[in-house]
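So you can see what is in the structure, the chains are spelled out below.
There are 2 protein chains.
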Amino acid sequence: MIGYLGPEGSFTHQALNTFLSKSNQKGIEIVSFQTITQIIDGVNSGKIKYGITPIENSIEGGVGEVLDQLIRASQKVTINTEVIIPIEHCLITRTKKITEVKKVIAHTQALSQCQGYLKRYLPEAEIEPVTSNSTGVKMVSEMPNGNIAAIGPEMAAKIYNVPVFEKAINDEKENFTRFVLIGTETPLPTGKDKTTIAFGVPYDKPGTLVTVLNSFSREKINLSRIESRPSKKTLGEYIFFIDLEAHRDDSPLKKALSEIVSEFSFYRWLGSYPRWK
Amino acid sequence: MIGYLGPEGSFTHQALNTFLSKSNQKGIEIVSFQTITQIIDGVNSGKIKYGITPIENSIEGGVGEVLDQLIRASQKVTINTEVIIPIEHCLITRTKKITEVKKVIAHTQALSQCQGYLKRYLPEAEIEPVTSNSTGVKMVSEMPNGNIAAIGPEMAAKIYNVPVFEKAINDEKENFTRFVLIGTETPLPTGKDKTTIAFGVPYDKPGTLVTVLNSFSREKINLSRIESRPSKKTLGEYIFFIDLEAHRDDSPLKKALSEIVSEFSFYRWLGSYPRWK
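Chains as they are written, first to last, in numbering that gives the first Met the number 0: chain V, 0 to 276; chain B, 0 to 276.
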């Protein structure tokens with residue numbers, strides 16, 4: 000069983016379908032969860048085999064909660080793979096005439112990512128935020144007339160059987176989200192892998208971060224992402240999350256880590272997995 | 000005129016009052032804004048002299064929108080000072096008996112930061128998220144009876160004239176927020192300053208970040224914070240925001256920057272200002 004961050008028809012649901020068809024794992028049962036905590040707890044307790052959640056978007060940035068929850072879960076819970084999909088917002092409505100649309104409903108993030116389109120084609124329409132895009136599509140499906148439109152994933156339109164009026168109405172066309180499949184496995188090295196680690200540096204030795212990054216650099220390990228999250232102890236104390244282009248079984252990464260692990264005030268390996276392509 | 004992120008009685012309003020009393024600037028007119036964009040646009044157009052917004056919290060992490068907006072504003076708009084205040088959530092209600100409280104309303108973040116208290120003392124109460132803590136306090140003030148409570152800043156209780164039942168009910172007592180005063184001035188060096196900069200590194204030269212950090216390290220400049228935000232162009236391309244413990248007029252910082260500025264694909268100085276104490 001695989002858990003995903005719902006509701007049904009969310010971009011995470013869409014990312015899960017992309018993963019399933021690519022990995023030829025059709026027929027596996029999937030279940031929607033309301034929060035990231037529930038997904039990670041589900042994997043931890045063995046209730047679900049995997050869970051999938053967004054981890055970063057090319058416009059909005061990182062999803063801090065996933066990182067916070069990963070280091071709070073038990074050590075067996077790690078990132079088993081990544082999935083990257085384009086985010087295409089669709090205008091979803093029963094009407095065939097855009098002039099008939101009097102109201103547009105969507106999550107605030109979708110509304111803000113489509114504001115150019117809305118100003119151009121629906122300048123008079125009332126704009127109303129709802130708790131999720133899929134909820135908006137569901138609401139549209141329950142309305143008898145066509146003067147309301149939702150913004151959301153194509154998949155939500157299919158699920159709730161409402162026509163897509165126009166695809167990809169987001170202002171920024173380069174809009175991608177990276178999702179991670181959380182589980183308890185470690186895929187073998189493929190030669191094109193990523194490793195995610197989390198670490199803290201002693202508060203009184205701020206130069207440690209540079210020492211750490213230098214060590215990876217010396218071993219020619221590319222750092223594809225660095226994100227800092229608060230330690231939740233003291234303002235100004237952080238935990239760093241780093242994605243490295245290597246598998247934990249690769250010798251350069253082993254060597255780099257062995258040189259610096261004693262510098263950390265805290266260290267967690269969060270998974271080695273193939274890069275998405 | 001100083002703009003702050005409202006509504007009235009918000010923690011930002013409280014931070015502004017702390018700043019005004021510390022800097023002896025009483026009597027200056029203050030005005031509430033609804034969004035960070037409005038505050039930064041207001042400073043940019045000269046409509047307000049300063050604006051104050053949160054930039055990071057010791058539990059929730061950074062406020063990405065402030066960073067995104069700062070690099071989109073004109074170059075004259077910078078950070079002029081920082082203000083750090085403890086975040087103390089209060090239980091605000093008309094009743095003197097906690098058993099009479101049937102419903103608790105607050106922003107989801109406040110509800111989540113006080114969940115231990117709520118489970119212990121109000122296990123039966125209905126929990127309802129509202130758009131802001133101050134809105135919740137205002138709602139409580141408008142209810143005739145005492146069976147509803149809000150969670151929020153002490154200041155909101157004063158403004159709406161509702162008694163504080165208990166102070167500091169947040170589970171994590173170490174809860175601080177750092178605010179920045181945005182303006183068009185640069186305070187002179189005090190010997191204990193911070194400088195905030197933003198830069199991009201070329202996508203095809205990932206080692207550049209290490210080169211940059213090494214340059215500061217060589218000049219013995221402490222790095223007190225590093226945050227990455229998406230470039231909004233390509234997934235995996237970031238802009239780094241760094242706080243350094245130096246003023247831009249200090250020679251070591253001048254030297255470090257002169258050595259590395261040619262490595263950046265993008266660079267913006269975002270202010271030099273005294274450290275909060």
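Derived from the structure by calculation, the hints contain no laboratory data. Keep in mind that the hints are not guaranteed to be accurate.
Repeated chains share a single entry, so a pair holds when one copy, or any two copies, can fit it.
Claimed, not checked - Here are the simulated lysine-lysine pairs, DSS-like style, with alpha carbons at most 30 Å apart:
(1) K21 - K118
(2) K231 - K191
(3) K231 - K21
(4) K102 - K231
(5) K231 - K172
(6) K254 - K219
(7) K204 - K276
(8) K231 - K166
(9) K166 - K95
(10) K204 - K157
(11) K96 - K46
(12) K118 - K231
(13) K101 - K232
(14) K21 - K191
(15) K232 - K166
(16) K75 - K21
(17) K46 - K102
(18) K95 - K75
(19) K102 - K219
(20) K137 - K96
(21) K21 - K102
(22) K253 - K276
(23) K101 - K276
(24) K253 - K204
(25) K232 - K219
(26) K75 - K102
Going through the hints against the structure:
1. In this assembly of identical chains, the alpha carbons of K21 and K118 never lie at most 30 Å apart, being 38 Å within a copy and 44 Å across copies at closest.
2. With identical chains, the CA atoms of K231 and K191 are at most 30 Å apart between copies only, with a shortest distance of 25 Å across copies and 34 Å within one.
3. Proximity of K231 to K21 under the C-alpha cut-off of 30 Å is restricted to the inter-copy arrangement: shortest distance 27 Å between copies versus 38 Å within a copy.
4. Taking the shortest alpha-carbon separations for K102 and K231, only the inter-copy value of 28 Å comes in at or below 30 Å, while the best intra-copy value is 41 Å.
5. With identical chains, the CA atoms of K231 and K172 are at most 30 Å apart between copies only, with a shortest distance of 10 Å across copies and 36 Å within one.
6. Taking CA atoms no more than 30 Å apart as the test, K254 paired with K219 passes in both settings, with 11 Å inside one copy and 27 Å between copies.
7. Proximity of K204 and K276 under a CA criterion of 30 Å is satisfied inter-copy only: 21 Å between copies versus 39 Å inside one chain copy.
8. For the homomeric pair K231 and K166, the shortest alpha-carbon distance between copies (20 Å) is at most 30 Å, but the shortest distance inside one copy (41 Å) is not.
9. In this assembly of identical chains, the alpha carbons of K166 and K95 lie at most 30 Å apart only when taken from the same copy (14 Å versus 56 Å across copies).
10. Taking the shortest Cα distances, K204 and K157 never come within 30 Å of each other, neither inside one copy (54 Å) nor across copies (42 Å).
11. Within a single copy, K96 and K46 get their C-alpha atoms no closer than 47 Å, and across copies no closer than 41 Å, so neither meets the 30 Å cut-off.
12. Proximity of K118 and K231 under a CA criterion of 30 Å is satisfied inter-copy only: 21 Å between copies versus 41 Å inside one chain copy.
13. With identical chains, the CA atoms of K101 and K232 are never at most 30 Å apart, being 49 Å at best within one copy and 33 Å at best between copies.
14. With identical chains, the CA atoms of K21 and K191 are at most 30 Å apart within one copy only, with a shortest distance of 17 Å there and 55 Å across copies.
15. For a Cα distance limit of 30 Å, the shortest separation of K232 from K166 across copies, 20 Å, qualifies, whereas the shortest one inside one copy, 45 Å, does not.
16. Taking identical chains as interchangeable, the C-alpha atoms of K75 and K21 lie at most 30 Å apart only when both belong to the same chain, with a minimum of 25 Å there against 50 Å between chains.
17. Taking the shortest alpha-carbon separations for K46 and K102, neither the intra-copy value of 41 Å nor the inter-copy value of 33 Å comes in at or below 30 Å.
18. In the homo-oligomer, the alpha carbons of K95 and K75 never lie at most 30 Å apart, since the shortest distance is 51 Å inside one protomer and 48 Å across protomers.
19. With identical chains, the CA atoms of K102 and K219 are never at most 30 Å apart, being 54 Å at best within one copy and 57 Å at best between copies.
20. With identical chains, the CA atoms of K137 and K96 are at most 30 Å apart within one copy only, with a shortest distance of 20 Å there and 42 Å across copies.
21. Proximity of K21 to K102 under the C-alpha cut-off of 30 Å is found in neither arrangement, the shortest distances being 38 Å within a copy and 48 Å between copies.
22. When the C-alpha separation of K253 and K276 is checked against a cutoff of 30 Å, the pair qualifies only within one copy, where the shortest distance is 25 Å, while the shortest distance between copies is 42 Å.
23. In this assembly of identical chains, the alpha carbons of K101 and K276 never lie at most 30 Å apart, being 41 Å within a copy and 53 Å across copies at closest.
24. In this assembly of identical chains, the alpha carbons of K253 and K204 lie at most 30 Å apart whether taken from the same copy (24 Å) or from different copies (23 Å).
25. Taking the shortest Cα distances, K232 and K219 sit within 30 Å of each other only across copies (26 Å), while inside one copy they are farther apart (33 Å).
26. Taking the shortest Cα distances, K75 and K102 never come within 30 Å of each other, neither inside one copy (47 Å) nor across copies (39 Å).
The structure fails hints 1, 10, 11, 13, 17, 18, 19, 21, 23 and 26 (numbered hints given earlier, in ascending order).
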